[in-house]
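Asks: Here is how the chains run, residue by residue.
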Amino acid sequence: LAILSLTTDFGTKDGNTGVMKGVIWGINPEIQIADLSHYITPQNVREASLVLDRQVWYFPPGTVHVVVVDPGVGTKRRPIASQIGQHFFVGPDNGVFSLLYERAEKNGWPVKIVHTNNSKYWLSDISNVFHGRDIFSPVGAYLASGVNLEDLGEVIDDPIRFDLPQPTLRDKAVVGQVMRIDHFGNIITNIRAEHISSMEDVNVTLCGYTIEGMVKTFGERRPGEIIALFGSTGYLIISEVNGSASNRLSPKIDDFVEVLAS
Amino acid sequence: LAILSLTTDFGTKDGNTGVMKGVIWGINPEIQIADLSHYITPQNVREASLVLDRQVWYFPPGTVHVVVVDPGVGTKRRPIASQIGQHFFVGPDNGVFSLLYERAEKNGWPVKIVHTNNSKYWLSDISNVFHGRDIFSPVGAYLASGVNLEDLGEVIDDPIRFDLPQPTLRDKAVVGQVMRIDHFGNIITNIRAEHISSMEDVNVTLCGYTIEGMVKTFGERRPGEIIALFGSTGYLIISEVNGSASNRLSPKIDDFVEVLAS
Amino acid sequence: LAILSLTTDFGTKDGNTGVMKGVIWGINPEIQIADLSHYITPQNVREASLVLDRQVWYFPPGTVHVVVVDPGVGTKRRPIASQIGQHFFVGPDNGVFSLLYERAEKNGWPVKIVHTNNSKYWLSDISNVFHGRDIFSPVGAYLASGVNLEDLGEVIDDPIRFDLPQPTLRDKAVVGQVMRIDHFGNIITNIRAEHISSMEDVNVTLCGYTIEGMVKTFGERRPGEIIALFGSTGYLIISEVNGSASNRLSPKIDDFVEVLAS
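These protein sequences, in sequence, are chains A, B and C. 415 is the number that my numbering gives the last residue of the first sequence; the numbers go up by one with no jumps. 415 is the number that my numbering gives the last residue of the second sequence; the numbers go up by one with no jumps. 415 is the number that my numbering gives the last residue of the third sequence; the numbers go up by one with no jumps.
In case anyone wonders, no lab produced these hints; they're calculated from the structure. Any given hint could turn out to be false.
As the list makes no split between identical chains, a pair holds if one copy fits it or if it spans any two.
Pairs of lysine-lysine, DSSO-like flavour, derived with a Cα cap of 30 Å [claimed, not checked]:
| hint | residue 1 | residue 2 |
| --- | --- | --- |
| 1 | 273 | 405 |
| 2 | 369 | 405 |
| 3 | 325 | 259 |
| 4 | 325 | 369 |
| 5 | 229 | 273 |
| 6 | 273 | 325 |
| 7 | 369 | 259 |
| 8 | 265 | 229 |
| 9 | 229 | 369 |
Using the sequences plus the hints, can you model the full thing?
Replies: Below, the structure is given as structure tokens:
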């Protein structure tokens with residue numbers, strides 16, 4: 154069985170994610186489909202890119218990741234498909250794959266991108282508002298079934314990209330930002346271990362609250378304590394043990410987070 | 154692999170949708186199961202019918218759609234299964250399939266309905282409150298595994314049905330109603346293109362707000378603008394570009410929507 | 154195809170449940186995966202145990218149930234796997250399987266538990282905060298693929314356990330507690346039919362509201378009425394017909410529920 158993942162901002166109440174599976178299985182029922190997320194904040198391309206870069210590399214080589222966070226649906230934004238390292242991606246060319254291109258460059262992985270304008274691999278009727286069903290699902294299904302990337306359309310080399318904001322590095326301080334808040338209320342920043350590796354002991358400040366020192370895991374502190382640690386993908390996160398740091402500190406996306414040598 | 158979809162009002166926290174998959178795969182693990190929706194508004198049979206009619210026709214022929222929005226569970230309401238066109242359906246006889254019967258009649262598709270009272274295809278113990286697990290899941294699994302519709306029970310010709318409210322058509326005006334509000338806050342009405350095709354330019358009014366003209370897709374207007382367009386299944390919808398029209402206008406289900414020639 | 158279920162408190166927006174499927178299918182794509190719940194209240198081990206005991210026995214024999222409600226991740230709490238009756242379980246040794254051990258003892262089912270410390274069946278890199286991805290998913294995938302329980306680690310006989318609070322039984326009264334509130338607002342107690350079988354007619358009181366008599370199913374009373382009945386797994390539940398008893402009565406978990414002979 155081939156593997157395919159779905160990442161959208163569709164939610165799950167309207168049937169719009171289920172119908173994508175219907176379209177995919179209509180082309181090839183021998184595909185395992187994992188819902189990666191359907192609760193990306195609507196139209197939030199950067200959040201989707203962060204979630205993808207956190208998760209997709211754990212899927213087996215050859216997995217096809219279909220991504221539909223698509224505020225420009227129905228406009229001239231291109232539908233694209235790509236091979237990035239050993240993974241395939243299908244979705245709108247709106248920057249949602251930016252962090253994946255960046256990781257490929259850092260790791261020296263091959264990247265090939267096509268504008269999927271070969272309508273042979275689309276549904277026969279294309280709506281103006283639901284390319285997730287009409288274009289991205291069938292293209293993903295064909296890709297997972299062995300159709301070559303190059304058959305889907307013309308190779309391009311100018312995909313839309315954005316850069317994640319980078320922390321400001323000073324002598325004894327690093328100033329980063331809040332990138333994402335997860336289901337547990339963990340606050341994920343753009344600060345990585347390499348940014349603060351030269352400092353021995355640190356204090357972390359967010360929303361006027363200062364955490365002294367960092368820990369390795371939740372169990373080192375008692376329930377209710379606010380802690381700073383590196384999450385499973387290497388970013389500094391701020392958490393409440395057995396609670397929600399987001400509820401306690403009420404940060405907003407892009408708020409500043411300061412790490413100071415203590 | 155056979156294909157089966159699930160549509161319920163169960164939510165996803167209690168395990169009641171997962172257990173249906175356990176029952177189905179206990180009968181036949183070679184079935185792909187798509188969650189269509191588990192967030193139908195509790196007991197809202199009309200909303201379920203609207204979601205089904207929007208989505209099921211995109212699944213491959215032969216798909217079995219199991220539907221459990223079932224306020225009458227444990228009463229004398231019949232469990233039924235049907236073939237409508239090339240699709241199969243299993244669920245309570247409470248009107249939830251109404252819009253599918255209607256579409257079949259419009260398109261001249263065959264319809265056959267049975268009262269699934271052959272308990273050979275049920276679980277051995279039947280609770281009074283969870284026929285989704287005890288009756289509809291096993292019946293759906295057997296149907297997806299090749300059991301004939303007629304073997305599940307007696308053919309009936311008097312299923313419960315309701316009609317969707319129809320827009321009022323006047324000379325230069327159409328008055329419809331809000332049918333559904335989706336995850337993005339799009340407001341879906343019961344007005345179709347054919348209802349207003351004789352008008353050239355139109356104004357659309359809802360909750361005291363008037364939209365001048367219609368567009369073809371979101372990208373034609375700027376973020377924050379309220380627009381009217383035809384959705385991917387042909388109904389007039391009211392949206393905010395990159396936002397939530399529902400949050401802006403606060404409509405209620407069944408509120409009137411007026412389309413006037415301008 | 155083998156069957157595996159997932160029960161977590163991860164929610165579905167961050168991709169942390171999808172990535173578990175990626176890890177599992179990377180080991181063996183021939184596994185059907187059912188999401189049992191990803192909306193266990195964060196860190197609520199007792200709630201997870203109640204949901205598991207309600208649902209897992211309906212899955213086919215040989216199913217592997219992977220459970221990740223894991224406030225002690227990264228500490229010395231053991232990762233364990235077990236065979237309980239004809240089912241397999243993988244997760245943290247924090248009591249989350251308590252009600253399953255209890256059911257096995259009542260029914261005389263065999264129980265075997267191992268500390269899954271054989272890192273051959275883990276991912277190669279283990280984070281301090283996400284053993285669901287790094288340990289429990291691969292261990293579950295190998296177990297579903299035919300690896301023997303004993304190969305996963307050393308047999309243990311001292312798993313962490315808790316007892317569910319038991320109702321107080323008096324002459325003509327039983328006092329139980331609220332255990333769980335479901336998606337429909339049904340209030341599930343720890344009172345079972347055997348606790349009150351000696352009483353003929355009963356009144357049920359919760360949050361100052363008294364229900365006279367019990368019913369067998371929702372359809373016996375009119376929409377809006379508050380009723381008491383036995384749910385599909387034998388516990389007394391308090392419901393509003395076509396509504397939410399939880400919204401009406403606002404109970405809290407562990408609140409007392411009194412059943413009095415009338």
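Asks: State for each hint whether it applies.
Replies: Do the hints match the structure? See the list:
no., hint, result
1, 273 / 405, "neither (44 Å within a copy, 42 Å between copies)"
2, 369 / 405, "within (25 Å within a copy, 34 Å between copies)"
3, 325 / 259, "within (26 Å within a copy, 62 Å between copies)"
4, 325 / 369, "within (22 Å within a copy, 54 Å between copies)"
5, 229 / 273, "within (19 Å within a copy, 50 Å between copies)"
6, 273 / 325, "neither (57 Å within a copy, 42 Å between copies)"
7, 369 / 259, "within (26 Å within a copy, 41 Å between copies)"
8, 265 / 229, "within (21 Å within a copy, 45 Å between copies)"
9, 229 / 369, "between (47 Å within a copy, 13 Å between copies)"
The earlier numbered hints that this structure contradicts are 1, 6.
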